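Participant: Make the full structure from the sequences, and use the hints.
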Amino acid sequence: MEFWIIGSVLALYFIVMIPVQYGNITETKKELKKSGKTHNEMYDDMSFEQQQMQFNLQGSPYTLPASLIAEFIYYLRHRKEKVA
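If you're matching positions, the sequence shown starts at 1 in the numbering used here and goes up one per residue.
Derived by calculation from the structure, the hints in this document are not laboratory data. Computed from a prediction, not measured in an experiment: that's the story for all the values here. Glycine residues also receive a C-beta, built at the ideal position from the N, C-alpha and C atoms. Please note that a few of the clues may not be correct.
[What the hints assert, rightly or not] Quick list of the computed label-pair ranges, beta carbon to beta carbon: (1) PHE72 - LEU10: 18 to 28 Å; (2) ILE5 - GLN52: 29 to 39 Å; (3) ILE5 - THR38: 40 to 50 Å; (4) ALA11 - SER47: 31 to 41 Å; (5) SER60 - LYS30: 19 to 29 Å; (6) MET1 - GLN54: 35 to 45 Å.
[Claimed, not checked] 27 Å max Cα-Cα, derived DSS-like pairs, lysine-lysine: (7) LYS37 - LYS80; (8) LYS33 - LYS80; (9) LYS30 - LYS80; (10) LYS29 - LYS80.
Facilitator: The structure is reproduced here in structure tokens:
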């Protein structure tokens, strides 16, 4: 019984985090295009608070499934931009 409760809560968390992660990926990619910087340069220019927020959104093992799904959705929606 506990397995189903914990599994349901985790599944709900992953589902809720997908749009959050997708928005973060979209804004990061827009900022990279706009600034013309590399990822490392962009993160070096961020404040400490912004760096911590990005680390928690992208580097947490709890958000990894949502991050992978959001990255895949971003790839599917924007793959024609890379070809052109």
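Participant: If a hint holds in the structure, say so; if it does not, say that too.
Facilitator: Hint check results:
1. PHE72 - LEU10: 18 to 28 Å: Because 19 Å falls inside the window, the suggested range holds.
2. ILE5 - GLN52: 29 to 39 Å: Between ILE5 and GLN52, where Cβ atoms are some 31 Å apart, the hint holds.
3. ILE5 - THR38: 40 to 50 Å: Hint holds: Cβ distance 44 Å, inside 40 to 50 Å.
4. ALA11 - SER47: 31 to 41 Å: 34 Å, holds
5. SER60 - LYS30: 19 to 29 Å: 23 Å, holds
6. MET1 - GLN54: 35 to 45 Å: 38 Å, holds
7. LYS37 - LYS80: 22 Å, holds
8. LYS33 - LYS80: 16 Å, holds
9. LYS30 - LYS80: 16 Å, holds
10. LYS29 - LYS80: Holds - the C-alpha atoms of LYS80 and LYS29 are around 15 Å apart, at most 27 Å.
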